[in-house]
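Order-wise, the sequence lines are chains A and B. Note that the first sequence covers residues 1 to 90 in my numbering. Note that the second sequence covers residues 1 to 90 in my numbering.
If you are wondering where the hints come from, they were derived from the structure by calculation, not from laboratory data. We put the beta carbon where it would ideally sit given N, CA and C, even for glycine. Honestly, I wouldn't trust all of these hints.
To be verified - Calculated cross-link-like contacts (lysine to aspartate or glutamate; reagent style DMTMM-like; alpha-carbon spacing at most 20 Å): (1) B/K3 x B/E64; (2) B/K60 x A/D27; (3) B/K11 x A/E44; (4) B/K3 x A/D16; (5) A/K11 x B/E46; (6) A/K41 x B/E78; (7) A/K41 x B/E44; (8) A/K41 x B/D36; (9) A/K41 x B/D50; (10) B/K41 x A/E73; (11) A/K3 x B/E46; (12) B/K41 x A/E46; (13) B/K3 x A/D36; (14) B/K60 x B/E44; (15) B/K11 x A/E46; (16) B/K60 x B/E46.
To be verified - Derived coverage of chain B by chain A (criterion: at least 3 residues anywhere in the stretch with Cβ under 8 Å from a Cβ of chain A; other residues may be distant): (17) 16-26; (18) 33-44; (19) 62-72.
Protein chains: 2
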Amino acid sequence: MIKATIHVTLKPGILDPQGRAIRQSLDTLGFSAVRDVRVGKFLEIELQEDDPARADAHLKAMCEQLLANPVIESYRYELERHPSHPAAPS
Amino acid sequence: MIKATIHVTLKPGILDPQGRAIRQSLDTLGFSAVRDVRVGKFLEIELQEDDPARADAHLKAMCEQLLANPVIESYRYELERHPSHPAAPS
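Turn these sequences into a full structure, and let the hints guide you.
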């Protein structure tokens, strides 16, 4: 089992209306020190796969085909191996 | 200037319909090794603040009041100090 954590963020220079709305809301709430807010996605995916190289290839394809819009978004991911049958906690 | 990176995720056990939809789409695309998908938010906030303790207090309040729904979501954040007037790249 491999667990992947993926960050999808807007590329620099791409307008972020959601971030702007949050910044305005924070300002209204009194958080006037906030200068900029950028919003992205964070995904955690569990893969039934033990080969890190294959998992890596799958992840790249998933990001390119579905999880990110490569025109306006960047992505990065980390893979972490988990035992398929975790030991009982001590 | 302090830069905060914030992760907001659904608490364990809370149904994640967006994650389920993504898992089904990935399955349709042929990624049958995917076992589970959980979707969260990732925010980057720039604060005009130099005191880490105050920035930390602000961040906690922002998360509790606006960025996360503490009933169903968890949050975590990291703070990173940036020079207010960054040096020119060498």
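Results of checking the hints against the structure:
1. B/K3 x B/E64: 18 Å, holds
2. B/K60 x A/D27: 15 Å, holds
3. B/K11 x A/E44: 13 Å, holds
4. B/K3 x A/D16: Given that 20 Å is the threshold and the Cα spacing comes to 17 Å, the pair holds.
5. A/K11 x B/E46: 16 Å, holds
6. A/K41 x B/E78: With Cα atoms ~16 Å apart, A/K41 and B/E78 stay inside 20 Å; holds.
7. A/K41 x B/E44: 11 Å, holds
8. A/K41 x B/D36: 16 Å, holds
9. A/K41 x B/D50: 27 Å, violated
10. B/K41 x A/E73: 15 Å, holds
11. A/K3 x B/E46: 30 Å, violated
12. B/K41 x A/E46: Roughly 18 Å separates the two Cα atoms, so the pair holds.
13. B/K3 x A/D36: Satisfied, since the Cα-Cα distance of roughly 9 Å is no more than 20 Å.
14. B/K60 x B/E44: 14 Å, holds
15. B/K11 x A/E46: Distance ~16 Å between B/K11 and A/E46 Cα, so the pair holds.
16. B/K60 x B/E46: 14 Å, holds
17. 16-26: Answer holds; 4 residues pass the 8 Å Cβ test.
18. 33-44: holds (count 12)
19. 62-72: Since 4 is at least three, the answer is holds.
Hint violations for this structure: numbers 9, 11, all remaining hints satisfied.
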